[in-house]
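Chemist: Now for the letters of each chain:
Number of protein chains: 2
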Amino acid sequence: MQDRMEQCRDAVQQCLNDALAPLGERPVEVAMRYALGGGKRLRAFLVMEGAQLHGIAPAQSVWAAAAIESIHAYSLVHDDLPCMDDDDVRRGQPTVHKRWDDATAVLVGDALQTLAFDLLTRPELGASSQIRVDLIASLAKSSGIGGMVLGQAQDIAAETAMIPLDLAAITELQANKTGALIEWSARAGAILGGADPTALGHYAKAVGLAFQIQDDILDVEGDAAKTGKAVGKDADAGKATFVSLLGLTGAKTRARDLVDEACAALSHYGTRADGLRDVARFVISRET
Amino acid sequence: MQDRMEQCRDAVQQCLNDALAPLGERPVEVAMRYALGGGKRLRAFLVMEGAQLHGIAPAQSVWAAAAIESIHAYSLVHDDLPCMDDDDVRRGQPTVHKRWDDATAVLVGDALQTLAFDLLTRPELGASSQIRVDLIASLAKSSGIGGMVLGQAQDIAAETAMIPLDLAAITELQANKTGALIEWSARAGAILGGADPTALGHYAKAVGLAFQIQDDILDVEGDAAKTGKAVGKDADAGKATFVSLLGLTGAKTRARDLVDEACAALSHYGTRADGLRDVARFVISRET
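Protein chains in written order, with this note's numbering: chain L, -3 to 284; chain A, -3 to 284.
Check before you lean on any hint, since a few could be wrong.
Which copy is meant is left open, so a pair is good if it fits within one copy or across any two.
[As the list claims (entries may be wrong)] Okay, derived cross-link-like pairs now, EDC-like style, lysine to aspartate or glutamate, Cα gap no bigger than 20 Å in a straight line:
{"#": "1", "residue 1": "K94", "residue 2": "D162"}
{"#": "2", "residue 1": "K248", "residue 2": "D81"}
{"#": "3", "residue 1": "K36", "residue 2": "D151"}
{"#": "4", "residue 1": "K36", "residue 2": "D253"}
{"#": "5", "residue 1": "K235", "residue 2": "D192"}
{"#": "6", "residue 1": "K137", "residue 2": "E120"}
{"#": "7", "residue 1": "K201", "residue 2": "D256"}
{"#": "8", "residue 1": "K137", "residue 2": "D14"}
{"#": "9", "residue 1": "K137", "residue 2": "E21"}
{"#": "10", "residue 1": "K94", "residue 2": "D(-1)"}
{"#": "11", "residue 1": "K137", "residue 2": "D256"}
{"#": "12", "residue 1": "K235", "residue 2": "D253"}
{"#": "13", "residue 1": "K248", "residue 2": "D84"}
{"#": "14", "residue 1": "K137", "residue 2": "E25"}
{"#": "15", "residue 1": "K248", "residue 2": "D162"}
{"#": "16", "residue 1": "K137", "residue 2": "D192"}
Calculated directly from the structure, the hints in this document are not laboratory data.
Produce the entire structure from the sequences given, and follow the hints as far as they go.
Modeler: Given below as structure tokens:
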């Protein structure tokens, strides 16, 4: 699977480089390239593996993979701003507002969101106009006030209220904040292939929650040098996390159960979906 | 024309209310409604008048009109942030970051941008999938790093460098910062009707520049009570404007010439385009 993930990373980076080629060397343009570099490309991998299951070639699906990575990058740049999570380090590098300034970070995030929708209109995606419109509509739902932005607002509201969330509330928050984009990524391949995305959606719901539980575990057990971002932040802030609510052992058990659920949701695809099963296991074994 | 503009304002507000109806009462949701209220709705009017010229009913084109107003509102909310233009008053009301806070303003802008693309996917727009994709692709180009965001970056770079721009540079900056969205608005109606948008594009280029010249004139001559925002800001900041470069009389003459150009570009439509001609004249006679 490491090979396939690496191939996916290379293909997505190449696609993003092509998309950014017309840009110049103004700070905001340089910072866009910077913000789009690196990362695990987990969302891109979900898109491309799901697409392959439905007979869509990587040369096509990589454009949808690049789109979701562009949305993800925009959300990180804005989330790291001093008025939001105020993070100085991301993927082992200074965050955009530290390397440049807050105004550049606002504009870079804005432009990366726009770029994501732009990428879904590109002819290279090779899908019918109706499928593109479906992908664009579902990306808007997953990333906007019905999805990711709602999750971020719920996160800020919880911090402001200083009332720790219970398990149901934190599960809902995370389903919005990180789950919605992961779900879009897994479903995109089926949508591109004109197929029913329900099974991939179930898989992604479980993977998304496992991903967030592992994030909370890494915040406690992780190594800042490996994760490339600050650790212990949530515990220090007295924030409710899956670890504070379930305990470390309980959180690990729950994550493993979710990975089993995710793999089971793919039964209909047989062994062809082993790449997606591997990625579900990777999500809870990763150290970054 | 005042009647038609009022009808357009009502229709757009109704459409936005419908689109926002599923939202709750969290601060970010309340602030989205707040940011979408009021304004001249000039861009919406251009969309709906252009659409009517090509036989598209208001009940359809209003969705594209609402989309461009949502992009415009997002740009204002982010542009008003302390790290950007740092404005406290907009449309006669406290700006979003003053009324709520910076984090809410970042999220509101992000969600409004997403909403714009969402609105262009709605079935109520009634256009073919191919036409929707064309509108989405051109909106991404007009609002992203190839259009509005580039103009904002050029504006910030000019302020940081403290070197006043010359006429060619300020014209290019404004063509990006405000011109691109105005051009999209005017062209959208022809695209919706499957027609050639070139004439409407020429019209909009001239109107967009006249609009910005009038903004600079209002910054010198305007009444803060009427414009609903601070005046004299650019002159105080020693920024190059069309007024500083052309003089007040020269700027007024240039704006009038541009309006004549804009009206001439519509000759092929005959008197059916009188609404658009009126709006061009309105742009340089407005006090807000």
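Chemist: Compare the structure with each hint and give your call.
Modeler: These are the hints, each one checked on the structure:
Proximity of K94 to D162 under the C-alpha cut-off of 20 Å is found in neither arrangement, the shortest distances being 34 Å within a copy and 31 Å between copies. In the homo-oligomer, the alpha carbons of K248 and D81 never lie at most 20 Å apart, since the shortest distance is 26 Å inside one protomer and 47 Å across protomers. Proximity of K36 and D151 under a CA criterion of 20 Å is satisfied in neither setting, with 23 Å inside one chain copy and 35 Å between copies. With identical chains, the CA atoms of K36 and D253 are never at most 20 Å apart, being 23 Å at best within one copy and 55 Å at best between copies.
In this assembly of identical chains, the alpha carbons of K235 and D192 never lie at most 20 Å apart, being 38 Å within a copy and 56 Å across copies at closest. Within a single copy, K137 and E120 get their C-alpha atoms only as close as 23 Å, which misses the 20 Å cut-off; across copies the closest is 17 Å, which meets it. In this assembly of identical chains, K201 and D256 lie within 20 Å of each other by CA distance solely inside one copy; the values are 12 Å within and 58 Å between copies. Proximity of K137 to D14 under the C-alpha cut-off of 20 Å is restricted to the inter-copy arrangement: shortest distance 16 Å between copies versus 27 Å within a copy.
Taking the closest pair of Cα atoms, K137 and E21 come within 20 Å of each other only across two copies (18 Å); inside a single copy the shortest separation is 33 Å, beyond that limit. For the homomeric pair K94 and D(-1), neither the shortest alpha-carbon distance inside one copy (33 Å) nor that between copies (50 Å) is at most 20 Å. Taking CA atoms no more than 20 Å apart as the test, K137 paired with D256 passes in neither setting, with 28 Å inside one copy and 43 Å between copies. Proximity of K235 to D253 under the C-alpha cut-off of 20 Å is found in neither arrangement, the shortest distances being 24 Å within a copy and 61 Å between copies.
Within a single copy, K248 and D84 get their C-alpha atoms no closer than 28 Å, and across copies no closer than 48 Å, so neither meets the 20 Å cut-off. For the homomeric pair K137 and E25, the shortest alpha-carbon distance between copies (15 Å) is at most 20 Å, but the shortest distance inside one copy (27 Å) is not. In this assembly of identical chains, the alpha carbons of K248 and D162 lie at most 20 Å apart only when taken from the same copy (18 Å versus 62 Å across copies). Taking the shortest alpha-carbon separations for K137 and D192, only the intra-copy value of 18 Å comes in at or below 20 Å, while the best inter-copy value is 32 Å.
Of the numbered hints stated above, those contradicted by the structure are hints 1, 2, 3, 4, 5, 10, 11, 12 and 13, listed in ascending order.
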